[in-house]
Amino acid sequence: MLFVDQLRDGHRPLRVIGALVATGLFVLAAGLWRVQVLAGSRYVASEKSQSIRLVRVPAVRGKILDRNRQPLAENRPSYDLNVYLDELRPSFVWHYTNLVLPDFRAVHGRRPNTAERTALQQSARLLAYSNLVQRAAAVIGTELPIEPDRFLRHYRQNLALPLPVARNLSPAQVARFQERSLQLPALDLEIEALRFYPHGAAAAHALGHLQRADEADNDPDDLLFRYRLRDWRGAAGLEAAQDALLRGRAGVKALRVDSMGYRHEETLLQPVESGAQVVLALDLAVQAAAEKALARVAPDVRGAAVVLDVQNGDVLALASRPAFDPNVFLAPIPPDVWSRLSDERLSPQLNRAVHGAYPPGSIFKILVALAGLEAGVIDPGAVHAYEGFYKLGRQIIDDTAPPGDYDFKRAFKRSSNAYFIDHGLRLGPEAILAMGRRFRLGERTGIELGGENPGFFPDEEFLRSLRSRRTPWNDGATANLAIGQGYLTMTPLQAAVMTAAIANGGRLLRPRLVLGLEPSEAGGTAGQVFEPVVEGDLGARPRDLQLVRDAMLADVEEPESSGREAFIPGFRIGGKTGTAEIKRGRQLEDKITWFVSFGPYPEPRWAVVVVIESGSSGGRTSAPVARQIFLALQQREAGLAAGRFAAFQP
Amino acid sequence: MTTVAAPIPGLNPRPQVILWPLWVAVILLQVCGALFVFSSTLGDTTTALKQLVWYGVGLAAMLAAVFLDYRVLARWAFAIYWATIALLVLVILVGVERNGARRWFDLGPFSLQPSEFAKLAVILALAQFLSRPVEELRLRATLLRCLGLVGLPFALVLAEPDLGSAIVLVPTAFAMMFVGGVPPRLLGMITGAGLLLGTLVTVDALFAPEGWRFIKLKEYQRHRLLVYFGKDFAPEGATPEQRRYYRELQRQKSWNVEQALISVGSGGLTGKGWRQGTQNALGYLPRLGAHNDFIFSVIAEETGFVGSVAVLGLYSLLLFSGLKAAGQAKDRLGRLLATGVVALLFSHIFINIGMNLGLMPVTGIPLPLLSYGGSSVVCSLVAVGLVQNVYLHRRPH
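Taken in sequence, the protein lines are chains V and U.
All residue numbers in the first sequence are consecutive under the working numbering, ending with 821.
All residue numbers in the second sequence are consecutive under the working numbering, ending with 407.
It is worth saying that the hints were derived from the structure and are not from the lab.
Mixed in with the good hints, there may be bad ones.
[Stated by the list, open to error] Pairwise CB distance ranges, derived in the manner of DEER restraints:
| no. | chain 1 | residue 1 | chain 2 | residue 2 | range |
| --- | --- | --- | --- | --- | --- |
| 1 | U | G53 | V | E245 | 46 to 52 Å |
| 2 | U | F239 | V | D359 | 48 to 54 Å |
| 3 | U | P219 | V | D257 | 42 to 48 Å |
| 4 | V | T194 | U | R195 | 19 to 25 Å |
| 5 | U | G53 | V | R260 | 16 to 22 Å |
| 6 | U | I28 | V | M431 | 48 to 54 Å |
| 7 | U | W265 | V | R281 | 25 to 31 Å |
| 8 | V | R281 | U | G204 | 40 to 46 Å |
| 9 | V | H279 | U | P219 | 31 to 37 Å |
| 10 | U | L216 | V | H279 | 33 to 39 Å |
| 11 | V | R420 | U | L216 | 51 to 57 Å |
[Unchecked claim] Here are the computed lysine-lysine pairs in the DSSO-like style, where the Cα-Cα straight-line distance is at most 27 Å:
| no. | chain 1 | residue 1 | chain 2 | residue 2 |
| --- | --- | --- | --- | --- |
| 12 | V | K762 | V | K463 |
| 13 | U | K282 | V | K219 |
| 14 | V | K562 | V | K754 |
| 15 | U | K228 | U | K241 |
| 16 | V | K562 | V | K580 |
| 17 | V | K424 | U | K282 |
Being a predicted model, the structure only gives us computed values, none of them experimental.
The beta carbon of each residue, even a glycine, is placed where N, CA and C say it ideally should be.
Model the full structure from these sequences, guided by the hints.
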């Protein structure tokens with residue numbers, strides 16, 4: 172054997188040399204074992220970390236459609252002009268050797284030292300970049316800012332990523348660029364899907380809006396990515412509530428970079444999965460009618476309107492005014508727009524239909540009536556005389572109804588406070604509160620929007636806390652409760668659920684805003700249909716419900732009734748007006764005017780609720796709005812009958 | 011009565027003349043060298059072809075070195091030696107300067123690196139010098155002349171400066187003196203003195219404050235030592251700004267070592283595959299060094315532990331063939347020549363691969379037969395030819 176022989180035989184010094192050589196080779200082999208096998212994975216990791224940048228590629232956001240598949244939120248292509256810095260490298264070198272370096276030598280008469288060379292190279296890069304941007308600007312025919320700091324920052328931090336020099340090119344600019352793109356190396360068009368709300372402010376509150384998600388994101392899963400492309404996240408409304416589904420799954424792109432940090436190659440590690448399409452119960456025509464009807468009250472009207480299908484809880488319209496255009500959140504918001512958006516009195520971003528809790532006022536009499544009829548305290552046939560006010564102890568409670576004789580129906584349609592306080596006191600607070608709880612007041616309806624306001628309704632705990640504060644529940648509180656004032660608030664949506672329950676025979680429905688989900692592209696997640704949900708049943712007697720419906724019908728149809736401005740010939744509507752007073756001490760501060768209604772009588776299909784802040788009265792301010800909405804619903808029926816819309820079929 | 015065994019036909023054939031393992035190793039190393047010069051220049055055919063030309067030239071020179079009897083060659087040893095010394099002086103005067111060193115003559119299509127040839131000349135001259143009677147080697151005067159013989163080219167190469175090429179002369183000369191019969195006691199003294207000096211230089215470079223450094227190392231040489239010993243570049247009491255400057259400097263200086271280690275380590279057990287290595291392709295390895303001084307990093311990255319150890323195996327085949335030739339050499343001259351070649355090649359291999367593994371400080375010396383470079387390839391092949399020459403004229407068994 173070659174090796175062993177040398178170590179065994181022969182000349183002693185040669186044996187020593189042989190042993191040394193063998194030892195040396197063994198040391199090297201051991202070193203290789205340590206570095207390549209024992210610590211191999213560590214070096215693989217550091218090789219990766221220095222040469223691979225993971226880039227998060229956002230998925231195309233799912234569309235939001237109305238029930239007739241009209242897009243309410245979609246995506247439009249936005250053309251951005253990007254510079255690929257790796258392709259600009261030859262130009263950097265050219266500018267250095269042909270312009271910057273000769274200049275330096277002409278001035279100083281010597282070669283630059285290391286520090287100077289670094290500075291000169293940087294100015295050569297900037298020069299190359301600004302020349303390119305200027306040529307691009309000439310081609311597309313728009314001024315483009317150079318922004319040296321932005322370029323240098325990008326060069327330092329995101330060298331491997333493209334640098335956008337112009338966003339949102341017009342079709343003409345795109346065409347001009349494409350014609351002459353060969354003259355502009357290192358520039359390329361990037362198509363980005365940008366959210367677009369084709370109907371502007373329509374259904375803005377239900378849809379919500381987006382905000383940038385690639386900056387200041389605290390999601391720990393995303394810390395992996397040192398680089399992210401422009402991405403958006405739902406910040407309000409459905410965009411926020413359904414964000415995970417709409418957003419889809421972001422793809423992951425691995426950029427391999429060279430030792431200078433330039434992009435070397437790209438590999439797609441995980442493909443992008445587009446977000447699901449969300450189909451809403453909203454009907455764009457009804458929604459638009461509701462918004463328009465609200466807007467007709469006053470330009471800066473503050474109010475809300477809700478249209479529910481009383482049979483299945485479908486939310487056909489969920490309108491809130493003032494509104495905002497969700498498109499403005501996709502670009503830097505101009506200061507004047509922002510100051511309006513953040514105006515405290517207008518609060519355009521507040522979805523009043525879901526987040527606004529208001530004292531119900533007289534619409535609460537529906538509930539008191541039902542409780543009274545059920546307990547037998549209210550005898551629909553009995554006639555009582557009232558003086559146009561109610562005297563409780565030494566306190567006088569005003570009444571808008573004139574003095575006179577009142578049976579149940581007249582008291583209801585004239586909204587007699589005296590009648591309802593009188594009967595409410597006889598009924599006692601427990602029965603009224605129990606009825607309120609049967610209507611699930613003070614609880615969220617369960618609509619698929621975040622942050623729903625549950626309103627307020629006194630529960631046991633509240634009553635206990637009143638006692639402990641030594642201001643226990645008294646007749647004054649009961650009198651207030653009977654006319655919907657005092658310790659209770661409701662959202663317009665809760666009022667709509669209440670009205671729908673009266674109309675449909677006592678079923679409390681969960682408002683259904685989302686009908687279903689559909690995959691945006693074949694092979695994506697499976698579609699999904701959300702069935703209507705019945706949250707509970709009032710357990711009321713049909714006879715009592717019929718009496719209440721009849722009284723509501725009278726409130727619209729009969730001559731001296733308060734809701735007659737909602738009247739539509741040939742379309743029978745039952746309604747109840749409400750004008751809640753917000754007082755500070757004895758001072759009247761504001762009025763909340765309500766109109767809750769259903770139609771068509773006798774087989775109701777829709778509940779329409781209108782609330783307006785600072786209106787004059789429920790009958791004069793809100794009832795006409797409801798009338799407009801019913802007219803739109805009627806028109807829609809005609810359209811559906813003519814087969815103009817395809818129904819939702821997931 | 012004695013019987014003389016008749017020669018049995020076939021049992022005692024013509025003595026073997028070719029040292030097969032040596033040739034196998036040389037050919038395979040050349041194949042490997044050509045493949046990885048090609049890979050490490052990112053598929054530059056010109057460089058790979060040039061390397062093949064050098065292999066051809068080297069093989070021709072090697073055959074010449076085989077067939078010209080080494081005893082004849084040895085008569086010319088001192089002529090060659092002094093010619094080389096003249097070249098070394100000349101290169102310092104008129105050589106082309108690259109990266110602050112004058113190591114090359116520019117001869118148009120190629121450049122010549124005399125320090126490579128000096129290594130061979132030293133081996134030849136030293137072998138010739140040491141093959142005198144053993145008794146003379148015990149004399150101090152002989153020893154001093156011997157040291158002078160090595161010291162002169164050492165100093166000249168160091169002055170180019172080319173520390174790596176100078177350094178390898180030391181173990182080579184030692185091995186030859188040891189095998190030649192210089193008493194170990196004397197060698198021990200020289201070693202002791204050398205170690206002391208080396209320690210002084212290192213300690214001076216690492217710890218002495220500026221102005222107290224008696225031994226003038228080049229700044230880059232001092233930095234390499236600092237990197238190797240993992241010392242902070244910043245002097246004591248440096249201002250934060252200086253500290254930042256030195257930290258950046260340190261990052262730059264340790265860059266090559268770190269990247270070589272990452273290359274080798276990320277190759278893992280079986281490597282990334284030929285031409286699939288990323289460290290070199292993406293420019294993390296020094297672009298100018300990947301196909302010469304750092305070629306082992308590329309091989310290790312692309313073929314992994316398995317390939318790296320195979321390369322080591324080829325080298326051990328080469329080295330132990332040399333030792334075999336030395337063991338069977340007909341005379342002391344032959345044994346010294348073969349020993350010198352083995353020691354020279356081993357020094358290159360150990361220092362170069364050790365550098366890629368972070369075991370040795372960075373010194374620019376080539377990996378024999380694999381690194382790109384005409385002078386190195388030709389000299390290595392001539393050296394191997396000398397080994398075959400010695401084997402050819404070995405004493406009969």
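*Hints not upheld, ascending by number*: none
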